[in-house]
Amino acid sequence: NAGVTQTPKFRVLKTGQSMTLLCAQDMNHEYMYWYRQDPGMGLRLIHYSVGEGTTAKGEVPDGYNVSRLKKQNFLLGLESAAPSQTSVYFCASSPHRDRDLEQYFGPGTRLTVT
Amino acid sequence: GDSVTQMEGPVTLSEEAFLTINCTYTATGYPSLFWYVQYPGEGLQLLLKATKADDKGSNKGFEATYRKETTSFHLEKGSVQVSDSAVYFCALQAGTALIFGKGTTLSVSS
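Chains as they are written, first to last, in our numbering: chain R, 31 to 144; chain C, 1109 to 1218.
Simulated from the structure, these hints should not be mistaken for lab results.
Small disclaimer: the values here were computed from a predicted structure and weren't measured.
Hints should not be assumed to be uniformly reliable.
Output of the computed footprint for chain C on chain R, the stretches with three or more beta carbons under 8 Å from beta carbons of chain C [what the hints assert, rightly or not]:
hint, stretch
1, 78-91
2, 123-132
Using 27 Å as the maximum straight-line C-alpha spacing, the simulated DSS-like pairs for lysine-lysine come out as follows [unchecked claim]:
hint, chain 1, residue 1, chain 2, residue 2
3, C, K1210, R, K39
4, C, K1210, C, K1185
5, R, K87, C, K1185
6, R, K87, R, K44
Where is the CB? At the ideal position from N, CA and C, for every residue including glycine.
Construct the entire structure; sequences and hints are all you get.
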C-alpha cells in the first residue's frame, strides 16, 4: 500500500496563477481532508469530505475549492493564488469510525506564491 | 468552540532526560484524543490515542492518560533519545474532523 500520496511535492506560483493539488489514497477510506501548516499556527483545516461527491468547509476555506469525484482522490484548487497562500499543504484520510478518527497523512506539498 | 492548548516550545533536553509535553482541551462531552508526531520534512503520523476517559495510550515508550477531571492529555516519556527530536501535536476529535494544537518542537541532544 502506498497510503496517502500527494502531487506535486513542491510548486512555485506567481500571484494570480491557478493550480490543483492532487491527493490519492489506496486504503478505501471514507473521509479525506486538506490542511495547511504555517509556522506557529499548527494545522488548520481547509476543506474536507465525508464521502464520494460530498465536500464541506473547514476553518480556513476562502480562496480554495475542492472536489471528490472518486472515493480515492481529493483535489484542492487555487483559482487565483495569493502570497498569503504560501504554505505547506497536507492531505489526510480516515476510515469512518465514530470514536476513533485516526487520520493518515500524506508527505505534504510545499507551495510558494511570489 | 472546541480547542486544544499545548505548551509552547521549543523544548530542549539531553538524551535520557524525562519528557512532559502538556496538552489541555476544551470540548463538549468526552472527545477522543490523539498525539501525532512530525519528523523533519515529513507528514504527521499517529503516535498514540485514547478514546475514553481514564484510557492510557502508549507507543514507542511514550504515554498519555485521558484525564477528564483536568481536561488534559499530557505526553510523557521516561528517557528521550536524539531520534525523538520532532514536532508533537495534540488533537481532539470534533465530529468528523480533528482539531490540532499548535505543536511543540522537541530537540534532544546527545
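Pair hint outcome, C:K1210 versus C:K1185 [Cα-Cα no greater than 27 Å]:
holds (20 Å)
Quick one, are R:K87 and R:K44 close enough, alpha carbons at most 27 Å?
Given that 27 Å is the threshold and the Cα spacing comes to 25 Å, the pair holds.
If you draw a straight line from the CA of R:K87 to the CA of C:K1185, is it 27 Å or shorter?
Not OK: R:K87 and C:K1185 at ~37 Å, beyond 27 Å, violated.
Holds or violated: C:K1210 with R:K39, Cα cutoff 27 Å?
holds (23 Å)
Residues of the stretch 78-91 of chain R with Cβ under 8 Å from chain C, three needed, outcome
Holds: 3 residues of the stretch 78-91 of chain R have a Cβ under 8 Å from chain C.
Test coverage of the stretch 123-132 of chain R by chain C using CB-CB distances below 8 Å; three residues minimum.
holds (count 4)
Comparing the model with each earlier hint shows a violation of hint 5 alone; every other hint is respected.
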